[in-house]
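Protein chains: 2
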Amino acid sequence: MITLHNLENSQSIRIIWLMEELGAEYEIKHYGRAGPNGMAPDDFKKLHPVGTSPTITDGALTLVETNAIVDYILDQNPNSALRPKAGSVERVPYLYWLHAAQGSFQPLLTDTLVFKRLVSKTPFVLRPVIRLVLGKAEAVLLKPRLAKILDLAEETLCQSRWLAGEKLTAADIVMGYCLEVAEVRVGFDGKYPAIEGFLKRMRARPHHKQAMFKNGLFDPIAD
Amino acid sequence: MITLHNLENSQSIRIIWLMEELGAEYEIKHYGRAGPNGMAPDDFKKLHPVGTSPTITDGALTLVETNAIVDYILDQNPNSALRPKAGSVERVPYLYWLHAAQGSFQPLLTDTLVFKRLVSKTPFVLRPVIRLVLGKAEAVLLKPRLAKILDLAEETLCQSRWLAGEKLTAADIVMGYCLEVAEVRVGFDGKYPAIEGFLKRMRARPHHKQAMFKNGLFDPIAD
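Chains as they are written, first to last, in this note's numbering: chain A, 149 to 371; chain B, 149 to 371.
For the record, the hints were derived by calculation from the structure and aren't laboratory data.
Careful: at least some of the hints might be erroneous.
[What the hints assert, rightly or not] With a straight-line Cα cutoff of 35 Å, these simulated DSBU-like cross-link-like pairs (lysine-lysine) come out:
(1) A:K291 x B:K348
(2) B:K233 x B:K291
(3) A:K269 x B:K284
[Claimed, not checked] Now the stretches of chain B that chain A is said to cover, found in silico as 3 or more residues with beta-carbon under 8 Å:
(4) 183-189
(5) 195-206
(6) 212-224
(7) 234-246
(8) 281-289
(9) 296-305
(10) 353-364
[Said to hold, decoys possible] Just a sample of chain B residues kept apart from chain A, beta carbon distances all over 12 Å, derived:
(11) L170
(12) A172
(13) E173
(14) I176
(15) K177
(16) H178
(17) S308
(18) R309
(19) V329
(20) G335
(21) A342
(22) E344
(23) R349
Beta carbons: idealized from backbone N, C-alpha and C, even for Gly.
Chain A on its own, in the form it takes in the complex (with noise of 0.2 Å):
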């Protein structure tokens, strides 16, 4: 059986919402962050060399890194809806999806706090230099980039009920923290309404509910 070790406030929300979707037994270990910086415990780092959230175990098998955990589960799951078979209309939409969400749109979200917080804890003399130098490379790098994978989830949306189709898949799960990531740490101004109907239709899965039910407090913010 499947252990997530289910580090406060963090990624792991994700494995927690598919496993309750796939109704699949599993077990939920937390971990409270500590310290001034929120860091993961000692018992939570050394679960895995690499020391990030989401962690599971499954008998002797330890393994880090969402997508990783995603398609490990679907493997065991091979006949579920979530993971669209190859050659199918959604599986094109479900692979850039999953994969856009790791590989290009949490980075820029992750970016976007890093930034944040640089500024914040520069000596109060330096701020205004770093906030000048940092502030641009957001408007530069960030912003922009972030946009564009936004548009195009608010295109996608406008044209089906998930990104991947008309039933939720795990590029939707997978998607959906990083876009409650983005509610609130880059805004939407009221230009993204198919977005915020997706977040709306996904807070209303009763498996979604039971997820942060099982979670305990989830605060996407964490700054």
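On the provided structure of chain A, position chain B as indicated by the hints.
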């Protein structure tokens, strides 16, 4: 037939190498970078709303995002050993390295380059402050995370010829590029002999040589 829109000095080298390993038929259309910042040209950016490299077209379909393209191509080659089957011994390390390459390792490498460029593009009088703050951020946020993944790759490659076992997989193709970039951008200082052996084996493969030839000049420094 698939057309790879090959942006000069970009991550699309991996798709050429993948196609060569598969012995698949495909076309390459080359796009040079332009301007002082080496931007992608407009005719490349217009191919897809997100405008990133690699980009492929296949009939009416246009697809971006490295791992989405890798999975799409492997869907068309279902019996290839480049994607180990679910349940095989090779499957779990395959999933880890394929996803970690794009979800963790490449974003850290990109940030290393971004930080370096932010320093070099800051006006001379402000540069020491920016160097101080970003140097510390690199030391705390980027280098330890890069080292953990490199350490794990080294350990893995001490035990097997390729990252997922004795046979080359698409995870090696995706990580191979990252490791070449890391060699130049992070530096190995003789600490990673097994990774250096991997890169040597990679470069010695006839299909890789053919890919480099078809790609034209490849410069992983790109700064």
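Exercise for the section: Of all the hints given earlier, name the ones this structure violates by number, lowest first. Expected result: When the structure is compared with the hints, numbers 1, 4, 10 turn out to be violated.
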